[in-house]
Each structure stands twice: as structure tokens, then as C-alpha cells.
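Asker: The lines below spell out each chain.
2 protein chains.
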Amino acid sequence: MKKSLSQKVFLELDLPGGADTIGDRDRIVRALIPQFNHIKFSMETLIKYYKVLRESNWQITVSLIWTGDYWELVRIEKGDTTQKHYGYAVDLGSTTVFMQLIDLNTGTILAEDSVFNNQIAFGEDILSRIFYAKGKEEHLQEIKKYTIDSIRTLMEKLEKNTGILSTDCDIMVLGGNTTMVHFLLGIDPWFIFHTPYTPTFNHFGFLRSELLDLPFNGLLYAFPSVANYLGGDVVSGILASDMTEKSEMALYIDIGTNGEMVLGNDRFLLTIAGAAGPALEGGISKHGMQAKPGAVDTVKIQNNEMILTTIENRKPVGICGSGIVDLIAEMLLEGWIDFGGRFNEGKSDRIVKREGDWAVAYAWEHESASGEELLFTETDIAMYLDTKAAANTMIEILLENSGVEASAVQRVYMAGAFGKYMNLESAITIGLYPDLPRDRFVRIGNGSLQGAYALLMNRELIEKVEEIYASMNYLQLEEAADFLTKMYAAKFLPHTNLNLYPTVKEKLLNRSNNKYSM
Amino acid sequence: MKKSLSQKVFLELDLPGGADTIGDRDRIVRALIPQFNHIKFSMETLIKYYKVLRESNWQITVSLIWTGDYWELVRIEKGDTTQKHYGYAVDLGSTTVFMQLIDLNTGTILAEDSVFNNQIAFGEDILSRIFYAKGKEEHLQEIKKYTIDSIRTLMEKLEKNTGILSTDCDIMVLGGNTTMVHFLLGIDPWFIFHTPYTPTFNHFGFLRSELLDLPFNGLLYAFPSVANYLGGDVVSGILASDMTEKSEMALYIDIGTNGEMVLGNDRFLLTIAGAAGPALEGGISKHGMQAKPGAVDTVKIQNNEMILTTIENRKPVGICGSGIVDLIAEMLLEGWIDFGGRFNEGKSDRIVKREGDWAVAYAWEHESASGEELLFTETDIAMYLDTKAAANTMIEILLENSGVEASAVQRVYMAGAFGKYMNLESAITIGLYPDLPRDRFVRIGNGSLQGAYALLMNRELIEKVEEIYASMNYLQLEEAADFLTKMYAAKFLPHTNLNLYPTVKEKLLNRSNNKYSM
Numbered sequence: 001m002k003k004s005l006s007q008k009v010f011l012e013l014d015l016p017g018g019a020d021t022i023g024d025r026d027r028i029v030r031a032l033i034p035q036f037n038h039i040k041f042s043m044e045t046l047i048k049y050y051k052v053l054r055e056s057n058w059q060i061t062v063s064l065i066w067t068g069d070y071w072e073l074v075r076i077e078k079g080d081t082t083q084k085h086y087g088y089a090v091d092l093g094s095t096t097v098f099m100q101l102i103d104l105n106t107g108t109i110l111a112e113d114s115v116f117n118n119q120i121a122f123g124e125d126i127l128s129r130i131f132y133a134k135g136k137e138e139h140l141q142e143i144k145k146y147t148i149d150s151i152r153t154l155m156e157k158l159e160k161n162t163g164i165l166s167t168d169c170d171i172m173v174l175g176g177n178t179t180m181v182h183f184l185l186g187i188d189p190w191f192i193f194h195t196p197y198t199p200t201f202n203h204f205g206f207l208r209s210e211l212l213d214l215p216f217n218g219l220l221y222a223f224p225s226v227a228n229y230l231g232g233d234v235v236s237g238i239l240a241s242d243m244t245e246k247s248e249m250a251l252y253i254d255i256g257t258n259g260e261m262v263l264g265n266d267r268f269l270l271t272i273a274g275a276a277g278p279a280l281e282g283g284i285s286k287h288g289m290q291a292k293p294g295a296v297d298t299v300k301i302q303n304n305e306m307i308l309t310t311i312e313n314r315k316p317v318g319i320c321g322s323g324i325v326d327l328i329a330e331m332l333l334e335g336w337i338d339f340g341g342r343f344n345e346g347k348s349d350r351i352v353k354r355e356g357d358w359a360v361a362y363a364w365e366h367e368s369a370s371g372e373e374l375l376f377t378e379t380d381i382a383m384y385l386d387t388k389a390a391a392n393t394m395i396e397i398l399l400e401n402s403g404v405e406a407s408a409v410q411r412v413y414m415a416g417a418f419g420k421y422m423n424l425e426s427a428i429t430i431g432l433y434p435d436l437p438r439d440r441f442v443r444i445g446n447g448s449l450q451g452a453y454a455l456l457m458n459r460e461l462i463e464k465v466e467e468i469y470a471s472m473n474y475l476q477l478e479e480a481a482d483f484l485t486k487m488y489a490a491k492f493l494p495h496t497n498l499n500l501y502p503t504v505k506e507k508l509l510n511r512s513n514n515k516y517s518m
Numbered sequence: 001m002k003k004s005l006s007q008k009v010f011l012e013l014d015l016p017g018g019a020d021t022i023g024d025r026d027r028i029v030r031a032l033i034p035q036f037n038h039i040k041f042s043m044e045t046l047i048k049y050y051k052v053l054r055e056s057n058w059q060i061t062v063s064l065i066w067t068g069d070y071w072e073l074v075r076i077e078k079g080d081t082t083q084k085h086y087g088y089a090v091d092l093g094s095t096t097v098f099m100q101l102i103d104l105n106t107g108t109i110l111a112e113d114s115v116f117n118n119q120i121a122f123g124e125d126i127l128s129r130i131f132y133a134k135g136k137e138e139h140l141q142e143i144k145k146y147t148i149d150s151i152r153t154l155m156e157k158l159e160k161n162t163g164i165l166s167t168d169c170d171i172m173v174l175g176g177n178t179t180m181v182h183f184l185l186g187i188d189p190w191f192i193f194h195t196p197y198t199p200t201f202n203h204f205g206f207l208r209s210e211l212l213d214l215p216f217n218g219l220l221y222a223f224p225s226v227a228n229y230l231g232g233d234v235v236s237g238i239l240a241s242d243m244t245e246k247s248e249m250a251l252y253i254d255i256g257t258n259g260e261m262v263l264g265n266d267r268f269l270l271t272i273a274g275a276a277g278p279a280l281e282g283g284i285s286k287h288g289m290q291a292k293p294g295a296v297d298t299v300k301i302q303n304n305e306m307i308l309t310t311i312e313n314r315k316p317v318g319i320c321g322s323g324i325v326d327l328i329a330e331m332l333l334e335g336w337i338d339f340g341g342r343f344n345e346g347k348s349d350r351i352v353k354r355e356g357d358w359a360v361a362y363a364w365e366h367e368s369a370s371g372e373e374l375l376f377t378e379t380d381i382a383m384y385l386d387t388k389a390a391a392n393t394m395i396e397i398l399l400e401n402s403g404v405e406a407s408a409v410q411r412v413y414m415a416g417a418f419g420k421y422m423n424l425e426s427a428i429t430i431g432l433y434p435d436l437p438r439d440r441f442v443r444i445g446n447g448s449l450q451g452a453y454a455l456l457m458n459r460e461l462i463e464k465v466e467e468i469y470a471s472m473n474y475l476q477l478e479e480a481a482d483f484l485t486k487m488y489a490a491k492f493l494p495h496t497n498l499n500l501y502p503t504v505k506e507k508l509l510n511r512s513n514n515k516y517s518m
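Top line first, the protein sequences correspond to chains X and B.
Residues 1 to 518, numbered by full-length UniProt numbering, are exactly what the first sequence covers, in order.
Residues 1 to 518, numbered by full-length UniProt numbering, are exactly what the second sequence covers, in order.
Where hints are given, some of them may not hold.
[Said to hold, decoys possible] Here are the simulated PhoX-like cross-link-like pairs (lysine-lysine), alpha carbons at most 20 Å apart as the crow flies:
id: 1; chain 1: X; residue 1: Lys51; chain 2: B; residue 2: Lys144
id: 2; chain 1: X; residue 1: Lys136; chain 2: B; residue 2: Lys51
id: 3; chain 1: X; residue 1: Lys3; chain 2: X; residue 2: Lys464
id: 4; chain 1: B; residue 1: Lys136; chain 2: X; residue 2: Lys51
id: 5; chain 1: X; residue 1: Lys48; chain 2: X; residue 2: Lys78
id: 6; chain 1: B; residue 1: Lys300; chain 2: B; residue 2: Lys507
id: 7; chain 1: B; residue 1: Lys40; chain 2: X; residue 2: Lys40
Hints listed in this document are in silico derivations from the structure and should not be mistaken for laboratory results.
Throw the hints in and build the complete structure from the sequences for me.
Answerer: This is the structure:
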């Protein structure tokens, strides 16, 4: 049976007296030793709780957390409170922070919620925040505080939703990228992004909640970061995917602001990561937007007419990541654009020239919420192709370096919000994902959050995390051979080498009105 | 070769770059692992020092402290500072705090000093302080602060004396009794003195200096406490005595406000402890005083005339512990008092009756500093006998419980200020110490401070400390058989059974003017 990372134990201690005058701390440890071999019981914890013992006539519940090396005793309560046993799983994203409150006795997710990362106040993109903090201790501490406040806000929300006090929680497991966990500790992440690209730490380990001024009573664990662009969120996702437990060849793909790819199985893990740019989150276009009400989220072209849907069926406000993928794929298949991403003038009256740039007007003035024409331009497509080429090249380098044929990949795990919501056919059509049988693709959603949940509910995985961390062979994107050549070849729809995309090739040939030249 | 508890290591780290992008913390640990197997490098330490690495171009000195289980990395400095390697040995006494600043590379004591424990503001005796703090968190924190301030004051003094900054010190080793270390952490010591007499903790362990707001950069270690009256100061003293390394039967005696006795050798340790009262420190008499200028410190009676010396040869102000022992011993030998501590009227014109109580006027009005007659009364003697009887009984119980004859004790270690300054002949005469060949007695002075020094300079002793702690079999004074009968028998000078004191018996017979009736 799986056992959670934290354990509560009710103790009816031997009453002191006679020759048995061992100290309170040693008395508790003595009672626990038969079951918990190696226990750490810090003075900080003792100072916080020592009065409870006598107030409860030596009948107490202690909370212990398994750290992989030892059990840390983090809390003492009066009487038997073993039924109240809670923890948090957190994904500390640079844009959004997700949190689940979990009943550790049953595994039930009692509540979950998300908030925007308050760090956004210092810049939408991570680099702005890094520059803001660089070398300025006050700024750094400011960002630290904002980061912690995001987590506190979620704790308060979950407390309100469930009535379960944050102070009744013993453990938080967090997945976050390398920069996020540096900010969380108030450590300048400048060197992560500056040559020679080394973080200040890889292992975060278990830290007391007090150190981070978080209002729960226990330890915070964050997954270790492998390298600058390969953070604990990916390690957590790999754990959630379970790919290291199987012999089948698998590819883990998380494309967001950054792209992170992992290829491997139970024998090896090869990883690569790099900046993907905001393209996939709708951040490239003037009218690009996050997946909020009014965002165009699917696009079809039938009979040369564009059919859009929007989130919450509102008048279109702009276009989000999944809409962009559809839009480009459909325009390619219908011949509105060519394989270089250039518009074919006259294919539709929606293909227009504005301020010297060709574009598709996916909503006219009278169709949009703002009364403004909504455009996706040739420049937008080019930017998108850069992002897509980066992702594509990373996968190619992974395969090449491990001598694995693309067709040998039995499973593709698509993590992250983009992987969750985009249309898989469209994504393959534009060459973002390899052209494999569709049943090999699995959308795992927020892998970082799921890995945190998995570890919370199964303490044995703490060793697995170390195994994953240790076995992740990290390729530097910039140092891969033919990197630029490969990038260039990938900047086409779906790819310069169309034979890599047989189903796309077929679709292109089949669409009756297609004028795409092979 | 003995190696100190702390070690400084100069590292010229591999410069990060290329594929070697491991984090800073992991880079340091990687460099140390071949020599230091198990390293703890906390986030607190990393946050404090991470900027040093790049400022020093990866040439750093790290300070590591051996905790018995692992090495804790506590400090990082620029360049090679291995020559600057300092630590503190401290005896945290309830009356006086002693401190040494030690060059850990050579073992040289660079400076030492002492101050009164600031806690005295809350009561001369420990019990007053305990009552002041009992159940009142603000009072408790006040005493904690005063305790820490005493230590800080000494650190400042030693810094001034030597020019060595406290911030350049990595380690402090402290011996203190059970109550003192509880106060040091701001933990209510009430339960140490209240049934069932259990401390809140036995092991203090290694704590970060920041936790105690002490201005050095490293860890504070305090010796473990065995029981309420048997603190880390005694464990430290036993370590200093080296008695557990030898087969000879030894007795360790520390009599101050409390009495602590340990009997044993390399095969066993049996201990007992109890309140001794302030008698030995001059605290019983109206004119009793600490060993300060003007205190009568030796007494002789020759030709029925009293010959006194005082500290710094001033006019007498009062009498201190060593003076009292001499006074009682000489009066006994000269027949001024009988073996029950009662004055023999008429033996000297200094034997006077004041306010209904017989007394010896050891200084007349014109002889004393204050112009006041200085008296030591029959009541004072009775109180003294209580203290002496307690000490004597404790030794007797130790011997009886371990089946050791007094004569089999090969070595008597006399620790503490009283043990250092009193006249051994007098102390045996009044039955405070067993009547053994005088060459078996060794004055070791401040055992607590010496043990702290010993551990600082020899890391292997950390295991020895645990052995001593674990092997100390503690007898509860109150639960010993015949405790009260033994106490009563010991309330005579030197003892009801004079045959236990053969040399005293001989002296009594020899002194020509002796009228003592056998």
C-alpha cells in the first residue's frame, strides 16, 4: 500500500516518574524509534510545542515527514488528531500558480485553485523579472515576497473553501522551474541566464515553513532542478508520467514559455530545453491573448469559409494558443498560406494587406468584441515558426543523440496547458509534434502539479525523484551539432522534409481545393 | 594527531562552463565529498554566502563542523583564510560565565575572561529565577535574552582583547547545567524542578548561531544533560577528567550550589546529584561572601590564637568558602567546637554569645573593614553541616551502590571553584571529602570549560561524549535506601563513624590542646 510522505502518529507516552526521568524530547523519540528508525526533532520544533505534552497529559499526535534519509518530526498536537492529515501540492509556474489541498489519509483532493503569479508585477516574462532583481537585494526580496504571497493567497482560498486551517497542514510539495525556486528563496537567479548558466543550487530539499514565512506547520519540499532551463517542474512531470518505470520509448513534451523535452524509458533519460518564446500562449500577435473568455480557441475552414469558436461563446476579443495552431494548420491545408508561411494572395477575401504586411482578418470590425478588425499577420506566422522550429529541433536532437527513430517512440506525453487544450491534428499538421499514430499521444495536463501530488501520496517516490534527477542527461541546445541548420529546416510547415509527416502529406493531397505545390 | 571539531578547507573550484553546469551548492559539495563523506549544507548558509563564489572567482574557504553524524558547512569566505580558524569554549555557570577564545589550528588559548551571569538580575539562586519564569512567556524570554547577553558580553571582551572578530569564529562549545541550557533556549525549566523532575530535552546538539542571536557564524554545541541536577557541565567535566579512559576507580566531585558526583572508570559510571545549598560558596552566613577582595580565605589556629589571611590582604569584609572550611576544621581540631558542631564555651575569648546564638567572632570591630564584628554562628555551622552531609551521603550512596570500598578509589577529581581553592586537609578534616592518601586528589578546576576546550580541539571526542552520556547511570538521591539515616550520620565532624577518617582521628589525638572526647 502506498503511504503518504507525511505520517501522523498518536502516542500515549509512558508517564515520567521514578527512575524514568528522560527528557520530553528524548521520551518522544524513544517511543517512535521502534517504528521510525532515524528521527530528526529540531530545537525549533521542540521550542514551539513542548508545552503541549503536559497540557495533554502525555497523549499527543506527532507529525513526521519522510525526507528520504530520516523522518523529521514537525508538529505536536494534543490528543489523537490522526484523522486530520493534510498537505499541499503546488505548481509554481511563472505565469500561474496551482495548488491542491489533499487529505493525506485518503488521497482525496479536497479543493484546488489557481492564481496568477504576483511576480507578474515585475514583468510578464521571466527575463524582465530577472533584470529587475539583478544585483539589487531589495528588489530580489520584493520578488521573493510577491512569490510567497501568491502561495499564501492560494492557501487562504483553499482554507476558505474547505474550512481546513492551513496551520493544520504538515507538508507542501512544490514543482517549479529553476528560476522560480531561486526567487522563492530570495536568491538572485541572474547566473541561471548568464554564462556559464549555472544555478546557485540544484537541490532544494525540505525546508521549514517558517523559513519562507508560509502559514503552515511543517516542511516544504521542492523538486530538484537539473539545469538552467530544466527545473523541478519537469522532474515532477516525469515522475507523474511514470515513463521511467516502463520499457517503452517515451517522449515527454512540455511547451510553454520554455520548451522542455525528455526522451527515454526505464533505461535512460535524455533531456533538452530552451526558450520557446510566448508564441504558443498567444503572446506573439497584436491580438494574441491568454485562454480567457472571448479568445478564439478553435478554427476550421470549410468551403473556403472560416468557422471560429470562442471561449464562453463571446464575440471574439483575440486568439489564444490553441486557436493559433488551428488557424495556421487550416490555412496551410486550404492553401491560404504556403509551406513557408507566406499568404497566397486571393485565396480568400480574408487575406488582406495592412500597413505593408499580409495578414488574415479572422474577424472583421463588425464581428469582433472591440469593433476592431482582428488580424494574424505574416510576421506573426514567422514568429510562430521560430518557436515551432525550436521545439521541433529539440525533439530531433534528442532522437539523433540517442539513436532512436521517431517512429520508435511508443508514447508521447504532452504536458502543460498548451498540451492540454490544443488540437492534436492541427499541432501535427504544422509540425509541432512528430507525425505518429494518434493513440500514442497522452495529454497529462499539469505534470508538475501531478508529480507533486504523486510524491505526497507515495513516500517511496522520494528515491525515484533522485533517480530521475541523477539519470537526466542534459543536452545544451546551443552546443548540439547542426543546431542552426536543423532550426532552419524546421521553419517550414510542417517541415522541409515532408516525408517526416506522412499523414499531413496525405491530407494536403486530399483536400480538394488545395493548391499547395508538392 | 588530534583534529579540531571544526575544519577550514581552501577550495579552488572547477570553473563552471561547457557541460559542467552543476549548481554552486552542488559544485562545492562535489569538491568536498572525496574528503568529507556526508555533508549538510543548509539553504540558510547558501542564502547567506552564495554571492561570495563569483566575487572570489571560485576560490573560497569553507568552514565545516563535525557533528558526529555529518559535516555541516557553516561559512564561505573569499580566498584562502585557513590560517584564521577560531572557536569558543564556554562554561555557562549559574553565577559566573567563563569563555576562552581558541586558535583551532594550534590549540592556543588566545584570551579568556569571565562575567557574572546576567540572570542574577532575576535572583541570586536558580530557584528564584525559575519561579520568575514559571508559566510566563515574557519573563522566560527576558531571562533567555539576559543569558545570551552574558555570552555576547564575553565575546565582545575577547574581541577587544585579541582584535579577532567574533564573526570570524565558526564554533562554540558550551557546558552548562540543565537549567542553564533550558534558559538559553527560552524553554521553561519549571519541570526540571517539579515532580516528576524531567527536563524538556537531554540533547542540545548543534544549533545555528543565528537561532540564538549570537554574533558568530557557525554552530553552537552544548553538552547533553543526563537529568535534572546532572547537566552538560558535568558530562563535560567527566570528559576533561579522562576518567572513562582508565581502569583506575575514580570519583569526580563538583560541589557548588549543587553537588554532582560521579564514580567509575572505563567500565561504568554511576552518578548522583542534588542541591548542596550555597554553604560552600559562603552563602550561609550573615558575613559569608564570594571569593572577592577582603574575604577571609584561610584560617589557622595556633596557640589558641586565630590567624587569618584575606584576599588581597585587605581588612576582612567577610568569609568565603575556603575560609569557612578552614575555620570549621581548625575549630574542630582545637576543640573550640565539638563533633556535633556546637561551641565549647570558654575555649577562647572569641567564642561569644550574640542574640542567643553562640558564635566565633573571627574579627572584632576594630579588625574588620566595616567596623562591625564578624561572626560565624552555631546556626551557620549547622547549615554548613547539612550541606556537607548531603555531599558526604551522595558519595556514600555511590560507593555502596557500586560495591566499591572508599579505599579502592584511586583518584579523586575535584572540580569547580570550591574544589580549586579550598584547603584539602581542612576539607577532609570536616568530612567533606573521603580520607584517602592525599596524592590521589587532583584539582581540575573548571571541568566544564576544560571539557569544552577538549572537544573543540579533538573531534573524535564527540563520540566519547555520547558514550559518557549513555553510560551515566543516574541515582535519584531521594530514592536511595537509608538516605535520611545516612544524612543524619554524616551531620557530624568529620562523621559519626570516625574510623572512616583515620588521619583526622590521628590529628585530633595529636593536637596537644585538644579536649575532644573520643
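Asker: With reference to the structure, classify each hint as holding or not holding.
Answerer: Cross-check of the supplied hints:
Taking the CA atoms of X:Lys51 and B:Lys144, the gap is near 17 Å; set against the 20 Å cutoff, the hint holds. For the proposed pair X:Lys136 and B:Lys51, the alpha carbon gap of about 12 Å is at most 20 Å, so the pair holds. Using a Cα cut-off of 20 Å, the hinted pair X:Lys3 and X:Lys464 holds, with the two alpha carbons roughly 15 Å apart. With a C-alpha separation of about 12 Å, the suggested pairing of B:Lys136 with X:Lys51 holds against the 20 Å cut-off.
In summary, the hint linking X:Lys48 to X:Lys78 is supported, as the alpha carbons are separated by about 13 Å, within the 20 Å threshold. A hinted pair counts as satisfied when its Cα atoms are at most 20 Å apart, and B:Lys300 with B:Lys507 qualifies at roughly 14 Å. Straight-line distance between C-alpha atoms of B:Lys40 and X:Lys40 comes to about 14 Å, which keeps the hinted pair within the 20 Å bound.
In summary, the structure agrees with every hint in the numbered list given earlier.
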